[in-house]
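Chemist: The primary structure of each chain is shown beneath.
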Amino acid sequence: MSVPEDLNIDRIANLARLALTPEEKTKFSAQLADVLTNIEKLKQVDVTGVEPTAHAFPIYNVWADDVAKPGLSVEDALRNAPEKRDNMIVVPKVVE
Amino acid sequence: MSTAAMPSELFNKSIAELAALLESKAITSVQLTQAVIARTQAVEERVKAFNSFDVADALAQAAASDARRAAGQALGPLDGIPIGIKDVIAVTGQPLTASSKMLANFVSPYDATVTQKLKKAGAVIWGRLNLDEFAMGSSTENSAFHTTRNPYNLDCVPGGSSGGSAAALAAGEAIATLGSDTGGSIRQPAALCNVVGLKPTYGLVSRFGLIAFASSLDQIGPFTRTVEDAAITLQAIAGYDENDSTSVKIEIPDYRAALKTKKGPWRIGIPKEYFGEGLDPEVAAAVEKAVSFYEKMGCEIKNVSLPHTEYGVGVYYIIATAECSSNLSRYDGIRYGHRSADAKDIVDLYYKSRAEGFGPEVKRRIILGTYVLSSGYYDAYYLRAQKVRTLIRQDFLNAYNEVDAIITPTTPTPAFKRGAKADPLAMYLCDVYTIGVNLAGLPGISVPCGFSSSGLPIGMQLIGQPFKEADLLAIANAYDSAHDWSRRTPNL
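Chains as they are written, first to last, in our numbering: chain A, 1 to 96; chain B, 1 to 492.
In case anyone wonders, no lab produced these hints; they're calculated from the structure. Bear in mind that the values here come from a model prediction, so they are computed numbers and not experimental data. Fair warning: there could be bad hints in the mix.
Claimed, not checked - Straight line, CA to CA, 30 Å or less: simulated DSSO-like cross-link-like pairs of lysine-lysine:
(1) A:43 x A:25
(2) A:43 x B:272
(3) B:468 x B:260
(4) A:93 x B:344
(5) A:27 x B:344
(6) B:468 x B:272
(7) B:417 x B:272
(8) B:302 x B:468
(9) B:344 x A:25
(10) B:101 x B:25
(11) A:27 x B:421
(12) B:272 x A:41
(13) B:101 x B:417
(14) A:41 x B:387
(15) B:302 x A:25
(16) B:421 x A:25
(17) B:417 x A:27
(18) B:289 x B:262
(19) A:25 x B:417
(20) A:43 x B:421
(21) B:421 x A:41
(22) B:344 x A:84
(23) A:43 x A:69
What the hints assert, rightly or not - Estimated spans, in silico, between C-beta atoms of each pair:
(24) A:55 x B:110: 23 to 31 Å
(25) A:15 x B:277: 46 to 54 Å
(26) A:68 x B:289: 58 to 66 Å
(27) B:489 x A:15: 46 to 54 Å
(28) A:41 x B:110: 40 to 48 Å
(29) A:64 x B:326: 38 to 46 Å
(30) A:84 x B:402: 53 to 61 Å
(31) B:425 x A:77: 36 to 44 Å
(32) B:45 x A:91: 20 to 28 Å
For each residue, glycine too, the CB sits at the ideal point set by N, CA and C.
Between the sequences and the hints, there should be enough to build the whole structure, so can you do that?
Modeler: Quick look at the structure:
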C-alpha cells in the first residue's frame, strides 16, 4: 500500500481540534506522508493469530474502595485556571 | 584501564562518595548544595539545562537535611543530595512546563509520587530541567524555551527528550537527576552526555504526577554518575503506588547490596540486528570492547536474534502518537494551560488555544496519532502495530531463554550538531536501538563506554529481564566499576 491519497489534513485537524495555518498544512502533509511510507513496512509482517499488546505486562482493572479521601482544596484545584470567578472556571458561552 | 580517582570538586562527586562525606560530617548538605548552585551559576549560561531553579528553596531543604543529621535522624544515602527533576514531573509549588508554551505559567498543586519518595529519602529537590516539548524529541531542540547544549561540545545536542537532565548532571549542575523514557528519552541523552541512565521495567516506578505522553510506554528513571548511584536512586523511587493503576505490586530488593552479591558470570546476548547498517564504526568498536571485557571476566557471549527489530520505529510512531493524541486532548484552554485571547466561541477556543500553545513537533504527532486512530484506519495502523508489538516483545522473551541480558549500542552515533536533523523521520531514527525496550516494557540502562576521536561520549545499552533490575544493575556495575569513563568530566 502506498501513501494514502486520502490523507485529508483538514479532516484530521478538525478531529484533533487543532487550527493549522496553510503553511503548516502543506508541511505536515508532506512530512506525514514520509513517516507513513516508513510505517508501511509493517504490512510485510504476518500477524495472523497474533494477539495485540496494549500493555507490556498483563495488568487488569484495579479497583479502589469507594471511600472519600482528602483531595486538592478548591483553591489548589483552581490555581491554574485561565479565568475564574466565585470558585468556578469561566468559559465562553456554550448555549444561546 | 584504571579505577577513577575521586573528582576533587564536590559537584562532580557521586552520591555514594558524598553520602560518606555527609555521614562523617566532613561536609554539610548546605555546603554541597551551595557548591552545586555556584557551579550552576558559573556554567548554566553555556549549558542551558534548566527551565527554572529556586535557590532559596534548595538551601532551605539542605538546611533541614543538616538539622536532621545533627539530631541523629538522617534518612539514608540520598539525605542532603541535590537532585534535579525533568520539567514533566510535578513538585508542589514549583513550575511544571513540559517545555511548552501551553504550560508556561503552570504551577504544580501536588507532588508526583517519585517527588514524594525523594523528599522522604531526604533529597534536596533542585531545579526544573529542560526537555523536548512534552518529551517529544531526541535533541531538546523541540523545547519551546531554549535548546540545551552538550557539555562535551556546546555545538552538539545533549540528546533528548531528557536532554536537560543529562546535560545538567554531566556539567556538575546536580548530583543526580530524574528523567522520563518513552522511546529512549533517558538512555539516549545519557549516552550522548557520558552519564548513566536507567529506564526501569514498565510498572516498577509510579507515573503519578508525570505529564503523560504515551502512557503504555512512559517510565520515570534516574540519571547518575555511576551504576551504584543508579541503584541508590532506584531504591528510593521504585515501588507500588495505588495512584498509578499500572503500578505493579512486587517485592523491591536491595539494589545496592545486589551489586556486591551478584557476581556473575552471566550469559550475555548480542543481537545482530543492532550492529548493522547505520551504526557508527567508533560506537561499534567501543561496544565490542565492552563485550570483550565481559568475555574476559568469564561471561558466556551468545549471538541472539531479535528478528522484528526493523519494525520497531514504525510500531513506536503509531502507538506513541496515538496515545499522545489522546493524552494531549486534555489541553483545551479550559481548566489550565494556555487559553487563546481571541476566540469567538467555545469550539474556536479549543482550536486556537491548542494552535497557539503547542509547537510544531507536538502538532505533527497529534495529527499523526489522530490519523492512525481515525475511523477506517484503526485496523490498518493501530491494531496492526499492537500485534507487531507482541512479536517484538516475544523476540526478547525468546532471547531470555538463552541469556541473562542483552548488550547493544545505545545510539547509532555520538552526539550530532544542533540543526543537523531537521527532517522529522531522521530524528525518529535516532531511537532505533532504544525503542524496543519500551515496546516490550523491559528495563534498560545506558553506561558510558568510551569516546569518539572527536571527544564525544559513547554509551552501551544493557537490556534486562522484566523486574530483574538487581541483576541488570549488577551486570552494568561489573563494567562501570572497572572503568573510568563515567567518572570523566567535560572541560567547561
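Chemist: Against each hint, give a clear statement of whether it holds in the structure.
Modeler: To see whether the hints hold, each was checked on the structure:
no.: 1; hint: A:43 x A:25; verdict: holds (27 Å)
no.: 2; hint: A:43 x B:272; verdict: holds (23 Å)
no.: 3; hint: B:468 x B:260; verdict: holds (15 Å)
no.: 4; hint: A:93 x B:344; verdict: holds (10 Å)
no.: 5; hint: A:27 x B:344; verdict: holds (27 Å)
no.: 6; hint: B:468 x B:272; verdict: holds (23 Å)
no.: 7; hint: B:417 x B:272; verdict: holds (28 Å)
no.: 8; hint: B:302 x B:468; verdict: holds (20 Å)
no.: 9; hint: B:344 x A:25; verdict: holds (23 Å)
no.: 10; hint: B:101 x B:25; verdict: violated (44 Å)
no.: 11; hint: A:27 x B:421; verdict: holds (16 Å)
no.: 12; hint: B:272 x A:41; verdict: holds (20 Å)
no.: 13; hint: B:101 x B:417; verdict: holds (25 Å)
no.: 14; hint: A:41 x B:387; verdict: holds (14 Å)
no.: 15; hint: B:302 x A:25; verdict: violated (49 Å)
no.: 16; hint: B:421 x A:25; verdict: holds (21 Å)
no.: 17; hint: B:417 x A:27; verdict: holds (23 Å)
no.: 18; hint: B:289 x B:262; verdict: holds (22 Å)
no.: 19; hint: A:25 x B:417; verdict: holds (28 Å)
no.: 20; hint: A:43 x B:421; verdict: holds (27 Å)
no.: 21; hint: B:421 x A:41; verdict: holds (22 Å)
no.: 22; hint: B:344 x A:84; verdict: holds (18 Å)
no.: 23; hint: A:43 x A:69; verdict: violated (49 Å)
no.: 24; hint: A:55 x B:110: 23 to 31 Å; verdict: holds (25 Å)
no.: 25; hint: A:15 x B:277: 46 to 54 Å; verdict: violated (37 Å)
no.: 26; hint: A:68 x B:289: 58 to 66 Å; verdict: holds (59 Å)
no.: 27; hint: B:489 x A:15: 46 to 54 Å; verdict: holds (49 Å)
no.: 28; hint: A:41 x B:110: 40 to 48 Å; verdict: holds (43 Å)
no.: 29; hint: A:64 x B:326: 38 to 46 Å; verdict: violated (22 Å)
no.: 30; hint: A:84 x B:402: 53 to 61 Å; verdict: holds (60 Å)
no.: 31; hint: B:425 x A:77: 36 to 44 Å; verdict: holds (41 Å)
no.: 32; hint: B:45 x A:91: 20 to 28 Å; verdict: violated (42 Å)
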